[in-house]
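Chemist: With my numbering, letter number 194 in the first sequence gets 879, and the count goes up by one each step, no holes.
Honestly, the hints are just simulated from the structure, not real lab data.
Glycine included, each C-beta is placed from N, C-alpha and C at the ideal position.
Hints are supplied without guarantee of correctness; some may be wrong.
Stated by the list, open to error - Under the rule of at most 25 Å between Cα atoms (straight-line distance), these lysine-lysine pairs were calculated in the PhoX-like manner: (1) LYS1192 to LYS1215; (2) LYS1021 to LYS822; (3) LYS856 to LYS822; (4) LYS927 to LYS797; (5) LYS754 to LYS742.
Unchecked claim - Between beta-carbon pairs, the in silico distance windows are: (6) ARG1227 to GLU926: 37 to 45 Å; (7) LEU817 to THR1181: 55 to 63 Å; (8) SER861 to MET1007: 35 to 43 Å; (9) MET738 to SER861: 34 to 42 Å; (10) GLU1156 to VAL1105: 29 to 37 Å; (11) ARG1166 to SER830: 50 to 58 Å; (12) ILE777 to LYS1019: 26 to 34 Å; (13) SER1128 to SER997: 52 to 60 Å.
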Amino acid sequence: MEIESNFIKTIIEDDLANGRVNAVVTRFPPEPNAYLHIGHARAIITNFELAKMFEGKTNLRFDDTNPVKEDASFVEAIKEDIKWLGYQPANIFFGSDYFEKTYELAIRLINKGLAYVCELSQEEMSKYRGTLTEPGKESPYRNRSIADNLTLFQAMREGKYKDGEMTLRAKIDMASPNINMRDPVIYRIIHITHHNTGDKWCIYPMYDFAHPLQDAIEGVTHSLCSLEYVDHRPLYDWFIEKCETEHIPHQYEFGRLNITNTIMSKRYLKQLVDTKVVNGYDDPRMPTLAGLRRRGYTPEAIRDFVLGTGLSRINSTVSNEMLENSLRNDLLGKTKRMHVVSEPIKVTITNYPSDTPEKIVSSCNPDNEDLGERTIYFGKQLYIEKADFLPEAPDKHWRRLSIGLEVRLMHGYFIKCHNVIYDENQEIVEIECTYDPMTKSGSGFKERKPNGTIHFVEATTAVVASFNLFEPLLVDSDSDRPLIDRINPNSWEVRTGFVEPALEEAKPGEKFQFVRNGYFAADYDTTPQKPIFNRIVELKSRFK
RNA sequence: UGGGCUAUGGCCAAGCGGUUAAGGCAUCGGACUUUGACUCCGAGAUCGGUAGUUCAAAUCUACCUAGCCCAGCCA
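Construct all of the structure, not just a fragment, from the sequences and the given hints.
Modeler: Right, here's the structure in full:
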């Protein structure tokens, strides 16, 4: 699947056609202060796919200009997530690699009379800034001499001042209707150890100043970001122009991708982890890439989903059914289709002649013979799903087992139910059936049509396993209620059931279709003695 | 209330002055089926509103309406 037509692709095509750029360079610039989630996947995929499409390149650049929030551990996690998604950055850079260069350009601005050292406190600065409807006031420090600014800025760098004591500001326009242009701070003092530069610096550039310069230094042609930066674009262009960088990058904005019933915000993800609603950032219910990975989502499906949702200048909320569809499409042809009974009910085949089960060799996926065959068993004692039996068929659409009805056991035989055994509470404990030896799977038997096909496992060879069934963490997708009140209490259900013996060998992370049950992945903690499977996604069903 | 961005079927989204207005997801019919899966057929919008420009407008203009973003020494 290729990237669809979208406005950014159109812009790039146009730039290339008109010679405004020779080669496309994009970048994905995360701040190393959180785990990546599926929202980031859109940015990653968009940047990489767009560049790839035009034979350009994409850098991974850690935007680490604020040491108070950042940590090296996130650097590795982010690298791993990008690799998992299937992308290899042309270069891996750090914004902090450019601190020296950024500093020089700040001095250039001072020399041009376009930046000044300001001693307003944070509170005062806020007052001077004005409001959305009223213009701001000029700082009393705005008209210092270039020489004084140079000296002061140098002193800031040398650590002569405490955090917050002064800032370097761009001298633009305190009356601009765009608040970003009202003399924004471009350097602030922070005495803290930086994950990359250690204690070398105590002044750090702000995003608005650093970002365009990083793009310029790296030769980025199309700098993509989200919609909330639209108002920052004039500033971006101002810095590029005034700093007279050799290369001139351009910023383009696109909408964020939201998914129904899914929280993406850093704050709430953290809240879920901190309040132990989930077991960490790689909990299989989390929308983090680490969580989705553990759940069994595939990078191919995520890519297909992102590309399928397109790109526009709208913050969109896409139904999670779309993601699930991508998952099923990807998993359909590449998973083995195994027999698993998650809520068992016992079946005795009363006319089965032997106490030892017979072996049946079956295809793992009739649509993909490369997946091979495995042996399943059929015998006197079986398990089927509770939901596949009702003493009496509710209506003529019932395609499962009932007294007097005959169904096909997939890969086995036709069986017909003739008796139900109840306990003292009128609960069904066992059902009794007969089988027809003539109807063996693969025999080509066509004399009669069964009332549907269900699956089973043979009881003496079955292996006990547990299944983790997930639902969305949130309910009420359109609600404005606080998220904490929308937590789904049933987001993780554990069931114990039986799996066919071949599943003992499932390797952690290996994915399967459990016939008529859904797609599952063996959990990281699975063992042959105690297999554990996570449900990735249910199968679609028209059963009403 | 200043500035900016956006508005195409339930949800995404193509379309860039002339097409019966792509496609995907979802939904509803139907066929097929050793998964009520898959696959296959079929069904639905006149493009936020109004007024203009034009032989011709979802596409251009004006006005209106609605939603989102901005007043961190965060990114």
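Chemist: Does each hint fit the structure? Answer for all of them.
Modeler: Verification of the hints:
| no. | hint | result |
| --- | --- | --- |
| 1 | LYS1192 to LYS1215 | 12 Å, holds |
| 2 | LYS1021 to LYS822 | 69 Å, violated |
| 3 | LYS856 to LYS822 | 12 Å, holds |
| 4 | LYS927 to LYS797 | 9 Å, holds |
| 5 | LYS754 to LYS742 | 29 Å, violated |
| 6 | ARG1227 to GLU926: 37 to 45 Å | 60 Å, violated |
| 7 | LEU817 to THR1181: 55 to 63 Å | 59 Å, holds |
| 8 | SER861 to MET1007: 35 to 43 Å | 41 Å, holds |
| 9 | MET738 to SER861: 34 to 42 Å | 37 Å, holds |
| 10 | GLU1156 to VAL1105: 29 to 37 Å | 32 Å, holds |
| 11 | ARG1166 to SER830: 50 to 58 Å | 57 Å, holds |
| 12 | ILE777 to LYS1019: 26 to 34 Å | 31 Å, holds |
| 13 | SER1128 to SER997: 52 to 60 Å | 55 Å, holds |
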